[in-house]
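A.B. asks: Residue-level listing of the chains:
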Amino acid sequence: MDMKANKTKLGLKEKYAHMTRGLDWETTYQPKEKVFPQATFEGIKVHDWDKWEDPFRLTMDAYWKYQAEKERKLYAVLDAFAQNNGHLGITDARYLSAVKLFLTGISPLEYMAHRGFAAAGRNFPGVGPRVACLMQSIDEVRHAQTQIHAMSNYNKFYEGFHAGATNQIERVWYLSVPKSFFDDAFSAGPFEWMIAIGFSFEYVLTNLLFVPFMSGAAYNGDMATVTFGFSAQSDEARHMTLGLECIKFMLEQDPDNLPIVQKWIDKWAWRGIRVLSLVATMMDYMLPKRVMSWKEAWEIYFEQNGGALFNDLAKYGIKVPDCITQCTVDKEHLSHQLWLTLCTHGHAMGLHTWLPNAEEMGWLSAKYPNTFDKYYRPRFDKLREMADKGERFYTNTLPMLCQVCQIPMLFTEPDDPTKICYRESDYKGEKYHTCSDGCKHIFDDEPEKYIQSWLPVHQIYQGNCWPEGTDPTVEGFDPLAKYLEWCRIENGKDNGDYEGSGDQANFAAWRGVAIQNT
Amino acid sequence: MAVKALYDYEYTPADTQDKFHGNQLLYVGWDDHFMFAAPLALVLPPSATFSEFVDKYCTHSYGRHPDWAKIDFSKVVWLKSGQPFQPDMNKTLAELGLKHKDVLRLQTPGLNGSGTCF
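These protein sequence lines are chains A and B, in that order. Okay, so the first sequence: first residue is 1 according to our numbering, each after it adds one. Okay, so the second sequence: first residue is 1 according to our numbering, each after it adds one.
It should be emphasised that the hints constitute simulated quantities derived from the structure, not laboratory data. Some hints could be false.
Pair ranges (Cβ atoms, derived) [stated by the list, open to error]:
| no. | chain 1 | residue 1 | chain 2 | residue 2 | range |
| --- | --- | --- | --- | --- | --- |
| 1 | A | TRP363 | B | ALA2 | 44 to 52 Å |
| 2 | A | GLU413 | B | ALA94 | 25 to 33 Å |
| 3 | A | PRO369 | B | SER51 | 39 to 47 Å |
| 4 | B | ALA94 | A | VAL35 | 50 to 58 Å |
| 5 | A | LYS419 | B | MET89 | 23 to 31 Å |
| 6 | A | GLU303 | B | GLU10 | 37 to 45 Å |
| 7 | A | LYS73 | B | ALA2 | 49 to 57 Å |
| 8 | A | ASP388 | B | GLY115 | 15 to 23 Å |
| 9 | B | MET89 | A | ASN396 | 19 to 27 Å |
| 10 | B | GLY115 | A | ASP426 | 30 to 38 Å |
Below 27 Å or equal to it, Euclidean Cα-Cα: the simulated DSSO-like pairs (lysine-lysine) are [said to hold, decoys possible]:
| no. | chain 1 | residue 1 | chain 2 | residue 2 |
| --- | --- | --- | --- | --- |
| 11 | B | LYS4 | A | LYS45 |
| 12 | A | LYS319 | A | LYS51 |
| 13 | A | LYS374 | B | LYS70 |
Virtual Cβ for every residue (Gly too), placed ideally from N, Cα, C.
Working from the sequences, and respecting the hints, build out all of it.
C.D. replies: This is the structure we're talking about:
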């Protein structure tokens, strides 16, 4: 007997209903709270998950199709880039320090974001956010992979590209800054994760992270990274919308959620901004051809765009985080203070640093008329004087770190940029130091969490950061050399000043062959 | 405030003194000298005298700065956790009550990298 055939194709609306909301089911042999054990402990109250508005009406079958198409285009460009010696088209091999920072500091975070969104998707009882988190989780692992592939071409030619995601993210001292940021978020509950990463990082701060790196790539002739950026752009738009929907949903579900959400926004805005000081430094110092200053980016993307966002959220009772007053002061100082730190610790970095030249210092004083000449130019001049005498200065002692953000304690008092900001807390008989009121506040709120911080400086002093079998008691033991070996940083190749580096010499030689006859 | 968690959330701190092989941490910052971009973390035995701390450890770290040799240590100001602190150079860290992870700041009035805070 013939079966009566239904319509062969579902309408978009029906398909959407079946492939998102229709995937949910009621539990029968276990109570719901046992299936979703993480749904309530953070104190967020949700009364009706069906009120979740799916920000992107995307179904999994369409998702695969879009993503596959983007992959095909991306890998075609990457192949062309490799075959045409695209690496010789960049402005200068100094630019690659920005790429190394991205590859070692940001790409592993994409992978952590993949894990985090997978966990959030697993833990939300509502099917709407579950499907959205699933897609974002797959996006994030795709970003990690495509970034590594886009940048791997440089690994054939330049130093410092060989171990970022495999060894360095868990070992290198400045990479503990972004790593601990994500570990902090990942070890929270699913709702805090969504505010930390989904909202604060992907929505409020993304234009200050992603855009500077991608525009930096475009300005400096790095077609591989630019193409990755295009490939990720539509994903990022989806992620931003998810973050915003999530915060609105929490605020609309119950008035008791407001103080919890506000506390998380305050915390994660500050945590995120501290991580972004690495981006500030990249924008102001690491790009041979600059896009805009950190201060300008902050003013456009945070003060103007972020201001509009917080005006929009004001109807729910959300206030602009208190830390923004501090940020308004910091925008004039941050990048200079951090680059001075990186330059004087350049022997222990997995990328090259350099002192800005006269033209670059002119740009910096034009962009920072209130601070650069007054505070920072004299310090670079002194470092330059020492370098010219053959005494490029690298500090020989490990720095004190902030217990929360893990950045060396290099930031200054809100009212005096010539005084280091020291804050401390006592907890159960032990002292903890933080770099700012923002970080101290976060520590004091959850000390049990931050007393466990894996602070690289302390770990080195405890003897936990050498290759297996190292005997630190032998005569002439060189702790720095052993630490770098453990980090898979090749001493004398990956680190130190760009002036005189292999990257500089090779780039000049290869480019010379490309544009000259001798 | 306690961490909100699904279980009793209690952990041992990562950096207690017993993990430093008989030594302790002591942080020191030298005000107005940004050649050293951040305060330093030193590891040394609690039995070290304050003069050893200055002559051996601080000199190793700060000695390359031209101001270091010009310091008259009878005129400097030390701060411990931001409060004035008057060390007896011949006493040990333990005798002076300088505990694991205490922070000292050295102020050298008149010396500030020739006005540049370098």
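A.B. asks: Between A:TRP363 and B:ALA2, is the Cβ distance one that fits in 44 to 52 Å?
C.D. replies: At roughly 49 Å between Cβ atoms, B:ALA2 and A:TRP363 fall inside 44 to 52 Å, so the hint holds.
A.B. asks: Is the distance from the Cβ of B:MET89 to the Cβ of A:ASN396 consistent with 19 to 27 Å?
C.D. replies: 24 Å, holds
A.B. asks: Tell me if the beta carbons of A:LYS419 and B:MET89 are separated by a distance inside 23 to 31 Å.
C.D. replies: 26 Å, holds
A.B. asks: Assuming the hint says 37 to 45 Å, is it satisfied by the Cβ distance from A:GLU303 to B:GLU10 or not?
C.D. replies: 41 Å, holds
A.B. asks: 39 to 47 Å was suggested as the range; check whether the CB atoms of A:PRO369 and B:SER51 agree with it.
C.D. replies: For B:SER51 against A:PRO369, whose Cβ atoms are near 46 Å apart, the range 39 to 47 Å holds.
A.B. asks: If I claimed the Cβ atoms of A:ASP388 and B:GLY115 lie 15 to 23 Å apart, would that claim hold in this structure?
C.D. replies: Taking Cβ atoms as reference, A:ASP388 and B:GLY115 lie about 21 Å apart, which means the hint holds.
A.B. asks: For the hint 49 to 57 Å, verify it against the beta carbon of A:LYS73 and that of B:ALA2.
C.D. replies: The hinted range 49 to 57 Å holds for A:LYS73 and B:ALA2, with Cβ atoms some 50 Å apart.
A.B. asks: For the pair we were handed, B:LYS4 and A:LYS45, check the Cα-Cα distance against 27 Å.
C.D. replies: Roughly 15 Å between the alpha carbons, so the hint for B:LYS4 and A:LYS45 holds.
A.B. asks: Given the proposed pairing of A:LYS374 with B:LYS70, does the C-alpha separation stay at or below 27 Å?
C.D. replies: Holds. A:LYS374 to B:LYS70 sits at ~25 Å (cutoff 27 Å).
A.B. asks: Starting from the range 25 to 33 Å, see whether the pair A:GLU413 and B:ALA94 falls in it by beta-carbon distance.
C.D. replies: 31 Å, holds
A.B. asks: Is the gap between the beta carbons of B:ALA94 and A:VAL35 within 50 to 58 Å?
C.D. replies: 56 Å, holds
A.B. asks: What's the verdict on A:LYS319 and A:LYS51, does the C-alpha distance respect the 27 Å limit or exceed it?
C.D. replies: Roughly 24 Å between the alpha carbons, so the hint for A:LYS319 and A:LYS51 holds.
Violated hints: none; the structure is consistent with every hint.
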